[in-house]
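For the protein sequence lines, the chains are B and U, in the order given. All residue numbers in the first sequence are consecutive under our numbering, ending with 312. All residue numbers in the second sequence are consecutive under our numbering, ending with 77.
Source of the hints: derived by calculation from the structure; they are not laboratory data. Idealized CB from N, CA, C, for every residue including glycine. Mixed in with the good hints there might be a few duds.
Just some of the chain U residues that point at chain B, by a computed CB distance under 10 Å [unchecked claim]:
no.	residue
1	GLN36
2	ASP45
3	TRP46
4	GLY53
Some chain B residues near chain U, calculated using beta-carbon distances under 8 Å [what the hints assert, rightly or not]:
no.	residue
5	MET1
6	VAL6
7	ASN11
8	VAL47
9	TYR80
10	PHE86
11	LEU90
12	ALA91
13	VAL162
14	VAL166
15	LEU284
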Amino acid sequence: MSKNFVAVAANDVAYSQHPDKYNWEYRLLAKVFESEGTGIHQGIFAVTPSGKLIRNLRYGWPAPDPVRTLQGLRQSLAEYQSQSKFERLLARTPNSATDKLRFESESFARPVGVLDLRVVKRSYPFSGMTAMDVRSPEYYSIDRLWYKPTEYRALVPNRIAVGESVSVSSPFAHRLVTLCHLMVDCSPWRPNEIQKASLTSRIEKVEGDIVTLALTAEYALSANSQYNKGRYGGTSLGNAKWDRSKSTIVGFELVSYGKHFVGEMKPNMHVGSAETMVGSLITLNPVGSDPDNQMIPTHWKNGYPRGWGQRD
Amino acid sequence: MIAELILISAIAVQSAPDRLTPQNYELIKQHISLKQRDLGFQQIDWKSSVYDGAVAANQQDKPMILWIYFGDPRGGC
Chain B
1 MSKNFVAVAA NDVAYSQHPD KYNWEYRLLA KVFESEGTGI HQGIFAVTPS
51 GKLIRNLRYG WPAPDPVRTL QGLRQSLAEY QSQSKFERLL ARTPNSATDK
101 LRFESESFAR PVGVLDLRVV KRSYPFSGMT AMDVRSPEYY SIDRLWYKPT
151 EYRALVPNRI AVGESVSVSS PFAHRLVTLC HLMVDCSPWR PNEIQKASLT
201 SRIEKVEGDI VTLALTAEYA LSANSQYNKG RYGGTSLGNA KWDRSKSTIV
251 GFELVSYGKH FVGEMKPNMH VGSAETMVGS LITLNPVGSD PDNQMIPTHW
301 KNGYPRGWGQ RD
Chain U
1 MIAELILISA IAVQSAPDRL TPQNYELIKQ HISLKQRDLG FQQIDWKSSV
51 YDGAVAANQQ DKPMILWIYF GDPRGGC
């Protein structure tokens, strides 16, 4: 696809709610949808750089039809190439200083020395499920979980010796739980909805400067707020590697697994049983060029202390 | 070896264990992990703003694919 198209993944709500509706970038996006009524629309679209809608590429929902989508891409490319450069290209090169929208999320950045974890979540099959349910095991969810050195140091017992252990305190365990890193599809959990979140770290092995920590955890959550009426019970197993010469985590893997009850079924999200078995895998963010490397934590705004990741 | 992996994969997808244990740790981890089909989406060089996409598309004289949804389509959507 990269040979013939430039791909953009964007959040319609962030654009719709942006206050600067006169900005060049906003007006370009609004122009795309001017033939389809007002506002920013969700979906997949082929568009010229000049902001002209070529084609709506949503063929099939929730599972796109690959044959029709490929056909739509080919037709879009042909239509694009049939247009004059005057029609398909920008009349002027925009100026990023004045024409690019600034979003609030850009103020939140990865602090230096942060433990950058990637969270992947996926449910198991459940009775009555269809592809219309966000919990279908066909789908996965990726997020980010960040800790500063002062926070992840809580994983390491004070005395370095095999068998030494520590009960890992907040914010490490609480951030893991409250920001919904254990299950697909949920609203965050409030601290008073955590009945149990015990995470223990025990020194399993010491080899030179590398200290291997065995991680175990147990959770019991129950909510009944307007945002979350769910329940969850589960456990975690995993390990972390602490380099004591550099005072940093050089390896991390945590598998969590449990039963999630969706207290409130939403017609556009849930089909079948309200109860699912669900897993979460948390590892060091793989260094590479995957687009999700650019992600910041989903709940950056309300899940991290004020100023935690403030960009200078 | 390959047959073994296919079998493990089939088991992992088919049945949900009662609980996580050291014995089924790898099976559960495998079920959750990103599969080859998941990685296809991740391998596309997604621009994260309409501005960046429009500038790049204009420079390369290519059409844009706009994927617009609530959340971050790179993972959290």
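How the hints compare with the structure:
no.: 1; hint: GLN36; result: 12 Å, violated
no.: 2; hint: ASP45; result: 6 Å, holds
no.: 3; hint: TRP46; result: 4 Å, holds
no.: 4; hint: GLY53; result: 3 Å, holds
no.: 5; hint: MET1; result: 6 Å, holds
no.: 6; hint: VAL6; result: 4 Å, holds
no.: 7; hint: ASN11; result: 6 Å, holds
no.: 8; hint: VAL47; result: 5 Å, holds
no.: 9; hint: TYR80; result: 4 Å, holds
no.: 10; hint: PHE86; result: 12 Å, violated
no.: 11; hint: LEU90; result: 5 Å, holds
no.: 12; hint: ALA91; result: 10 Å, violated
no.: 13; hint: VAL162; result: 18 Å, violated
no.: 14; hint: VAL166; result: 21 Å, violated
no.: 15; hint: LEU284; result: 14 Å, violated
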